[in-house]
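Sequence lines, in order, name chains R and Z. Under the working numbering, the letters of the first sequence match residues 1116 to 1687, in that order. Under the working numbering, the letters of the second sequence match residues 1116 to 1687, in that order.
For the record, the hints were derived by calculation from the structure and aren't laboratory data. Honestly, I wouldn't trust all of these hints.
Since the list gives no way to pick out one identical chain from another, each pair is judged satisfied if it fits inside one copy or across any two copies.
Under the rule of at most 20 Å between Cα atoms (straight-line distance), these lysine to aspartate or glutamate pairs were calculated in the EDC-like manner [unchecked claim]:
{"hint": "1", "residue 1": "1201", "residue 2": "1543"}
{"hint": "2", "residue 1": "1446", "residue 2": "1588"}
{"hint": "3", "residue 1": "1300", "residue 2": "1152"}
{"hint": "4", "residue 1": "1300", "residue 2": "1139"}
{"hint": "5", "residue 1": "1525", "residue 2": "1139"}
{"hint": "6", "residue 1": "1290", "residue 2": "1143"}
{"hint": "7", "residue 1": "1300", "residue 2": "1644"}
{"hint": "8", "residue 1": "1304", "residue 2": "1540"}
{"hint": "9", "residue 1": "1499", "residue 2": "1564"}
{"hint": "10", "residue 1": "1290", "residue 2": "1644"}
{"hint": "11", "residue 1": "1290", "residue 2": "1139"}
There are 2 protein chains.
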Amino acid sequence: MSSSATARTDFFARHEVLLRRAADAVTERGYFSAYPESPSKSVYGEEAPAAGEAAFRARLDKPFDLPGHPGEAGAVGAEVSPYGLKLGITYPRVDPAEAVAVARTAGRAWRRATPDERAGVAAEILARLNAASFEMAHAVHHTTGQPFVMAFQAGGANAQDRGLEAVAYAWAAQKRHPATASWVKPQRKGEPIALDKTFTPVGRGVSVLVACNTFPTWNGYPGLFASLVTGNPVIVKPHANAVLPLALSVRLARDVLAEAGFDPNVVLLAAEAADGRSAQPLATHPDVRIVDFTGSTRFGDWLEDNARQAAVHTEKAGLNTVVLDSTDDYKGLLRNLAFSLSLYSGQMCTTPQNLYVPRSGLRGDQGVKTPAEFAADLSGALDKLLGDPQRAAGTLGALATGAVLDRVEKARTVGSVRYGGRPVEHPEYPQAVLRTPLVAVLDATEDAEVYRAEWFGPVSFVIATDSTEHSLDLLRETIGRFGALTATVHSTEEPVLEAAREAALDAGVHLAENFTGQVFVNQSAAFSDFHGSQANPAASATLTDPAFVTGRFAVLQSRRPATPADEEGGRA
Amino acid sequence: MSSSATARTDFFARHEVLLRRAADAVTERGYFSAYPESPSKSVYGEEAPAAGEAAFRARLDKPFDLPGHPGEAGAVGAEVSPYGLKLGITYPRVDPAEAVAVARTAGRAWRRATPDERAGVAAEILARLNAASFEMAHAVHHTTGQPFVMAFQAGGANAQDRGLEAVAYAWAAQKRHPATASWVKPQRKGEPIALDKTFTPVGRGVSVLVACNTFPTWNGYPGLFASLVTGNPVIVKPHANAVLPLALSVRLARDVLAEAGFDPNVVLLAAEAADGRSAQPLATHPDVRIVDFTGSTRFGDWLEDNARQAAVHTEKAGLNTVVLDSTDDYKGLLRNLAFSLSLYSGQMCTTPQNLYVPRSGLRGDQGVKTPAEFAADLSGALDKLLGDPQRAAGTLGALATGAVLDRVEKARTVGSVRYGGRPVEHPEYPQAVLRTPLVAVLDATEDAEVYRAEWFGPVSFVIATDSTEHSLDLLRETIGRFGALTATVHSTEEPVLEAAREAALDAGVHLAENFTGQVFVNQSAAFSDFHGSQANPAASATLTDPAFVTGRFAVLQSRRPATPADEEGGRA
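Turn these sequences into a full structure, and let the hints steer you where they fit.
Right under this line is the structure:
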């Protein structure tokens, strides 16, 4: 046995208990987390914060080192932090066809590894990612504009949990059938017929991950790890604005692969310039059999239409909806919703956009609130939440791109009444662009064109409807047609909640009911919450469910006689 | 509780033990069968054969009765048995858009049933299909041309087993996550945050089954039952030549649904005239979200290209391959292969077509056989197998269509030497058209165009190659490009078998090794053998694996605070 074979076994043995626990957790769906989300010295060590920042700083203004990676080193890269810092890091540029060919070659030995070996390698990659969480937090912070603590959590620990969740599903799915079986069929006369059978999970082929600007790791890891563990090489195509978090991830993955005796080119980085269009040739290459994508509806639809040779998993966008009927905690409702709208300036695929209030008003412990009154109260809650600049910056982060800012400006022209959308100065980074959430009051009928489009960023609408029933009809119709990742209902009436559940099942969207405390609809917890449903246009994938992994591999069988077929011989 | 609700519960309770056993069997993959395949009075009862035939005869020459079925009753139907009998049965004609609308409406209550209830209904349908096995055998025999015993087995018991296998996968997949979960997240300070969560499997939408002429039930039941059990209404679109087997199945399904208190229109029959084209509008209807298809590559590719709104599962065709290297049981090999080529006149998607023999010869216990010598010996084995007319008829069945006969005639013009293809008179049905398998000797290089196409029916090629390595290269290349459902290798050398396994993994095809006894590569046993691999162009579906069921439903969640969020109240 070679030393590399020993290393493979070690990684599985090292992580087997965790893998078993994670595989149980996905079927139990209670609370489970493998990676602490608190950026605390008591958890990660006294030196970790400073060491992480130093590691991040040390990468600036030089080529990113990826030993043995194909392509032209240091050829592309122009990341500028939403907080103003020019990263100055360059990455290798690889021709798409070359990347696919290299990945395919590297994938041959990876295919022959067992699901246990592959899961062990994946768990070790995640362990190293976790150890690098502070460095990753800086990388995510300075590429996405997420506030630092959120970058640590969503970009680090929570993303690692989502990765482990995908590992658990992929590992369990391949172990659902035995590696071998004996088939003994009784005969009405004479001896039974016996066959020995072998079942081998085989990866589908080269996998391509097309990642997004805002959540490169959280949205990227599930596809990356699901493909890896099911035996597929993966080409990681980051968004040009957010390369570093995935370059760090690729680098750690390649280290672990090499230590385990595999070709590190099982995981490749396909960075490109901001005007690059490599996602198209990568995703449509005949040898690419799996594509994972997070991003715009336009490009997601393009991939679904054109990457016909591949299993395509998309998370696109939609009209996240809140139906406001009644509440017994109006202040809690406002606080909760204000935070949901503010977190990372609404640049989350889960941020509510369309808030439906009956013209007759939202009933509650603070009286009846018309749509206009509710919008004013919500604006007040936002002002309270974001009044302190330090706290505002820690909640809003920074606008990731000029396109988001343009959308806020454009939203100033819609609706009858508008609140918010005002600039906030970042106490630490004067170059960062921040806006408080803009809330506009619309009419369900007159302004249909406005709220039936997605306004990604800090823009939400309080929409006056005829009744809660009308609100639920709108939920059903708009989400069925345009998609959504989240829906929320506030009601004190059980029949209304029942009707909301039925509407959510019709629309194919996950529902949150009466969130007034410290859980927010934007948050989706690995191992418990499904993210995306495949049941409405917002996503053709769910993070993570069995459908997310079963299409990434096939089980191939061979069968042979178990005993000599007759006295003339047969297989010994 | 209404009486219909009681009936639902009964069906699950009645079949729960069987469902559990079936769910275990699919993960064990040893031998399991729920429905006896022997058409024996000792198994099915003294009266069963005569009663089954009488039931079949009673349906001839009249409209097929489907109480409550939409459409114009008795409007279409022109089935003529390959054995000469004109069935004279007519079926309702339903407009595709009406069928989809009716199914959609019926599906609403079906969605609300639990996975247990749906699995219970499905198991009861299968029990009634099993009780009707003799009637079904006549229906399959007289629509497909299968010999009677095969029609009983493949069209009855084995098809029912494949159906139950799909039920087991679909049922287990929906129970993989709990119906409810409690999520309690510890906080670094203060009380934990607690949510109650509900998880509901929801069917994707209307499902359409486009069935084939030759195996309407065996190939049709998996998709039908997988969709039903995952909560989808199903429109069954039979081939115009083989409506009756599926009409019987639909009728029994509707009976059980009605008894369980559901709208029988959860299962519809969409029969059409021989020149009908209703598969296209059905499969591409916006509300149709699942399509199952067995048939030609041409139409399967069309569905994959055009039914973009649906999850499409196809079983098409390919170049089933045998690599002949060496054997220690030459006579057994010939007997086994002769039967494989003869069974139902090669009209199986699993029948071998391309038999590769090195020019230097197949080595074995009977000496070295050149391709020409092997073809002559195989022809001798075929003559021996088919020498007795009664046995020949019981093995060959009848050619299903004139197109198959044309193909045999066309094959008389290819290759250097040809055997077989001779007419056989059916001892009972003089109108039946039978041909012994035609075996032509080809050269791997010169005749590439001939054997790189599918010749569905009793046509096979002995192809002279440079070496076994060359044969394996051809297996890899032709199956990778054109697909195959079966591959076989004969070798006494372990390194050759290893190389064949590797080539089969590359090509994405299931492998049979050294079949010389009473198991034939055409046979695919439910609960143990995977049929189709999704890993080569012959099939985008596997009967049955988790991927076959996971795309038919989504799990939607709702979540709500488990406790008052704070002292101001929250949900009680």
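With identical chains, the pair residue 1300 and residue 1152 could be close in the same copy or across copies; at 20 Å between alpha carbons, which is it: within, between, both, or neither?
For residue 1300 and residue 1152, only the inter-copy Cα distance (12 Å) is at most 20 Å; the intra-copy one is 54 Å.
Classify it for me, residue 1304 with residue 1540: is the Cα-Cα distance of at most 20 Å met within a copy, between copies, both or neither?
neither (88 Å within a copy, 31 Å between copies)
Within, between, both or neither, where residue 1499 and residue 1564 count as close if Cα-Cα is 20 Å or less
Answer is neither: 31 Å inside a copy and 76 Å across each miss the 20 Å cutoff.
How would you label the pair residue 1300, residue 1139 (within, between, both, or neither) given a Cα cut-off of 20 Å?
Answer is between: at 17 Å across copies they meet the 20 Å cutoff, but 34 Å inside does not.
Alpha-carbon proximity context of residue 1525 and residue 1139, limit 20 Å:
Classified as neither: same-chain Cα gap 48 Å, cross-chain 59 Å, threshold 20 Å.
Since the copies are identical, ignore which copy is meant and state whether residue 1300 and residue 1644 lie within 20 Å (CA to CA) inside a copy, between copies, both or neither.
between (44 Å within a copy, 13 Å between copies)
Evaluate residue 1446 and residue 1588 at a C-alpha cut-off of 20 Å and name the case that applies: within, between, both or neither.
Intra 27 Å, inter 71 Å, cutoff 20 Å: neither.
If the cutoff is 20 Å on CA atoms, where do residue 1201 and residue 1543 land: within, between, both or neither? Let me know, please.
For residue 1201 and residue 1543, only the intra-copy Cα distance (16 Å) is at most 20 Å; the inter-copy one is 87 Å.
Is it within, between, both or neither when you check residue 1290 against residue 1143 at 20 Å Cα-Cα?
Cα proximity of residue 1290 and residue 1143: in one copy and across copies (18 Å, 11 Å).
Status of residue 1644 relative to residue 1290 across identical chains (alpha carbons, at most 20 Å)
Close across copies (16 Å), not inside one copy (23 Å); limit 20 Å.
Between residue 1290 and residue 1139, at a C-alpha cutoff of 20 Å, which is it: within one copy, between copies, both, or neither?
both (14 Å within a copy, 14 Å between copies)
In summary, the numbered hints that this structure violates are 2, 5, 8, 9.
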